[in-house]
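S.K.: Protein chains in written order, with the working numbering: chain A, 561 to 897; chain B, 561 to 897.
Misleading hints may appear alongside valid ones.
Just so you know, same-sequence chains aren't split out, so a pair can sit in one copy or run between any two.
[To be verified] With a Cα cut of at most 25 Å, we get these calculated SDA-like pairs of lysine to any residue:
(1) 598 - 658
(2) 598 - 884
(3) 598 - 883
(4) 598 - 662
(5) 732 - 834
What the hints contain is simulated information worked out from the structure, not anything from laboratory work.
Below, each chain spelled out in residue letters.
Number of protein chains: 2
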Amino acid sequence: MSHAGEPVQFDIVGIGNAIVDVLSPAEEAFINAHGLVKGSMTLIDEVVADAMYAQMGPAVEVSGGSCANTIAAAAALGSRVAYIGKVADDQLGEIFRHDLSSAGVHFDTPPSTDGPSTARCLVLVTPDAQRTMATYLGACVELGPEDIDIELVAAASFVYLEGYLWDQPRAKQALRDAMTTAHRAGRKVAMTLSDPFCVARHRAEFRELVAGPIDILFANQLEAESLMEVTEVWDVVERLQGQCELVIVTRGDQGSLVVTPDAVYEVGPVHVPEVIDSTGAGDLFAAGFLYGLAQGWDLVPCARAGAAAAAEVISHFGARPERDLGELVRIAIGEEI
Amino acid sequence: MSHAGEPVQFDIVGIGNAIVDVLSPAEEAFINAHGLVKGSMTLIDEVVADAMYAQMGPAVEVSGGSCANTIAAAAALGSRVAYIGKVADDQLGEIFRHDLSSAGVHFDTPPSTDGPSTARCLVLVTPDAQRTMATYLGACVELGPEDIDIELVAAASFVYLEGYLWDQPRAKQALRDAMTTAHRAGRKVAMTLSDPFCVARHRAEFRELVAGPIDILFANQLEAESLMEVTEVWDVVERLQGQCELVIVTRGDQGSLVVTPDAVYEVGPVHVPEVIDSTGAGDLFAAGFLYGLAQGWDLVPCARAGAAAAAEVISHFGARPERDLGELVRIAIGEEI
Numbered sequence: 561m562s563h564a565g566e567p568v569q570f571d572i573v574g575i576g577n578a579i580v581d582v583l584s585p586a587e588e589a590f591i592n593a594h595g596l597v598k599g600s601m602t603l604i605d606e607v608v609a610d611a612m613y614a615q616m617g618p619a620v621e622v623s624g625g626s627c628a629n630t631i632a633a634a635a636a637l638g639s640r641v642a643y644i645g646k647v648a649d650d651q652l653g654e655i656f657r658h659d660l661s662s663a664g665v666h667f668d669t670p671p672s673t674d675g676p677s678t679a680r681c682l683v684l685v686t687p688d689a690q691r692t693m694a695t696y697l698g699a700c701v702e703l704g705p706e707d708i709d710i711e712l713v714a715a716a717s718f719v720y721l722e723g724y725l726w727d728q729p730r731a732k733q734a735l736r737d738a739m740t741t742a743h744r745a746g747r748k749v750a751m752t753l754s755d756p757f758c759v760a761r762h763r764a765e766f767r768e769l770v771a772g773p774i775d776i777l778f779a780n781q782l783e784a785e786s787l788m789e790v791t792e793v794w795d796v797v798e799r800l801q802g803q804c805e806l807v808i809v810t811r812g813d814q815g816s817l818v819v820t821p822d823a824v825y826e827v828g829p830v831h832v833p834e835v836i837d838s839t840g841a842g843d844l845f846a847a848g849f850l851y852g853l854a855q856g857w858d859l860v861p862c863a864r865a866g867a868a869a870a871a872e873v874i875s876h877f878g879a880r881p882e883r884d885l886g887e888l889v890r891i892a893i894g895e896e897i
Numbered sequence: 561m562s563h564a565g566e567p568v569q570f571d572i573v574g575i576g577n578a579i580v581d582v583l584s585p586a587e588e589a590f591i592n593a594h595g596l597v598k599g600s601m602t603l604i605d606e607v608v609a610d611a612m613y614a615q616m617g618p619a620v621e622v623s624g625g626s627c628a629n630t631i632a633a634a635a636a637l638g639s640r641v642a643y644i645g646k647v648a649d650d651q652l653g654e655i656f657r658h659d660l661s662s663a664g665v666h667f668d669t670p671p672s673t674d675g676p677s678t679a680r681c682l683v684l685v686t687p688d689a690q691r692t693m694a695t696y697l698g699a700c701v702e703l704g705p706e707d708i709d710i711e712l713v714a715a716a717s718f719v720y721l722e723g724y725l726w727d728q729p730r731a732k733q734a735l736r737d738a739m740t741t742a743h744r745a746g747r748k749v750a751m752t753l754s755d756p757f758c759v760a761r762h763r764a765e766f767r768e769l770v771a772g773p774i775d776i777l778f779a780n781q782l783e784a785e786s787l788m789e790v791t792e793v794w795d796v797v798e799r800l801q802g803q804c805e806l807v808i809v810t811r812g813d814q815g816s817l818v819v820t821p822d823a824v825y826e827v828g829p830v831h832v833p834e835v836i837d838s839t840g841a842g843d844l845f846a847a848g849f850l851y852g853l854a855q856g857w858d859l860v861p862c863a864r865a866g867a868a869a870a871a872e873v874i875s876h877f878g879a880r881p882e883r884d885l886g887e888l889v890r891i892a893i894g895e896e897i
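All chains, please: the whole structure from these sequences, using the hints.
M.R.: Structural data, given as structure tokens:
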């Protein structure tokens, strides 16, 4: 069955782990004592999650999930967006659903009614504003091919996937189905590599995806270097160039590189007076970039929009925007479009 | 049974409504459309709470409750503190318990195992950084005299009560018991008037308390003016002076007035570059002040400590401190102690 030629109803549909973030400041010693890897995400089971939470300081709860952050921010910018992800029918699941829906995101994946509770990500923010994450996937492991709304995926210009989903066999199959559906409908597949350790866990498959179904790849420098097993960003560029229509490598306060088969654009960052919490920087970058793409912008303004959205989110605690992203993006792109 | 002369184990024991705050930016129109009074707290039932939440934007969940905010902040400053309040045995109740316990607060009031869910306060923050609150009291209405741990109250230098508890008949009896216990043990009773509308609901009783069992009264200017039915702060001072050992009137960016039977001290505010969210300003002021009192400080440094703690909390979203309060207080009191 082909959907090619059917009308586009959404700019972006995201598929990801539906997670509530539990953010707390922490010292380096806490990170080390729990065997976490600073700046990265470690998967933990419920027993470890409960024990770690009991030892954490007071926290703030904010709906999170890498892809959901991107989708919520794209909605804030004005994109027409939808989300597919799995929560349980508990208080945290209601909070997650509320926060996405009220951001203007179409989200109707049914909650699981038994089994594990809604996923939590314990986000430990060290004084250097780095975030170290320990994720209990909970209800996310219930996401499967039956949750992929084929009509929805076919109706969106871009399907945006998070690499983290590769940690679960059923979700992996769901993503493969979604990619096939998107391409049959003439849509683009975008994906983020999510985390250097996630890349290490799935390097062979991720390389296959990059050479195959992925049209637009988002990665930060560490993730991209891990993917290609090199230690220099220009080696990454050389090896990835041409494998996808677009490769975007984000580089923190050094801005980003936008790589097409024919060109490489170096785009500067957007200045932030003080970095409070880097949680969500990559997620928001992807939001700004995809928003620009869906608007038909050139690549450099897309990357500037990404940088502006990322700058907003790292200037406060939490991974969802608090200020008017649209205005910040307009300022950042200035006269460029 | 008298506890007078028994050793002090805590500096402060707080009794209040155990509430999880659900914070969201909102426009004035939303406040008006829902019949809320800007800057104040309105009590709502579960049906209204659910309907209002459905229409609210994306939110952040933070443990709150006026008195619990004070107690958590006092713990952060180094006071030995305990809390008495009622949550349900649900996910939000666990979050509330975690956040207080991990802040170093002794908290062992048993959760309710049936009946309403843990209380939520929908906090709508308008662009002028004012907070308007709609509270569903949920499990808080289960708090009763049986929850007052007599030994605990008798073991603390100060018992700190929130005026909001006066909205519930059983909690009111619990507070009267706590005041009697505290005085029999030779301790001091401190109370906050909480909210101008709360004062209006209970003016006669609050006046009686001020003239009677309350030793230390915290009120912002509006609350104090409402209590005495005058419209000028110096009239408030004149009428309240001598009724309690100490009356502290907070005045936002005008600082505070500390009123003893013999003197009035005007104490300046602590400067904040940008007020982001005024939620918790009064709560944190009380924390800094009581911390200072428990340390045996003079009144002016106590008020400066309160101002420093308040300044921290209004410079970000949410009513619990994110930075090192102790250091901010040390800077604010400078050479004064």
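S.K.: All the hints need checking, so say for each whether the structure fits it.
M.R.: Against the structure, the hints:
In this assembly of identical chains, residue 598 and residue 658 lie within 25 Å of each other by CA distance solely across copies; the values are 24 Å between and 31 Å within a copy. Within a single copy, residue 598 and residue 884 get their C-alpha atoms only as close as 31 Å, which misses the 25 Å cut-off; across copies the closest is 22 Å, which meets it. Taking identical chains as interchangeable, the C-alpha atoms of residue 598 and residue 883 lie at most 25 Å apart only when they sit on different chains, with a minimum of 21 Å there against 28 Å within one chain. Proximity of residue 598 and residue 662 under a CA criterion of 25 Å is satisfied inter-copy only: 22 Å between copies versus 33 Å inside one chain copy.
Taking the closest pair of Cα atoms, residue 732 and residue 834 never come within 25 Å of each other, the shortest separation being 38 Å inside a single copy and 46 Å across copies.
Of the numbered hints listed earlier, the single one contradicted by the structure is hint 5.
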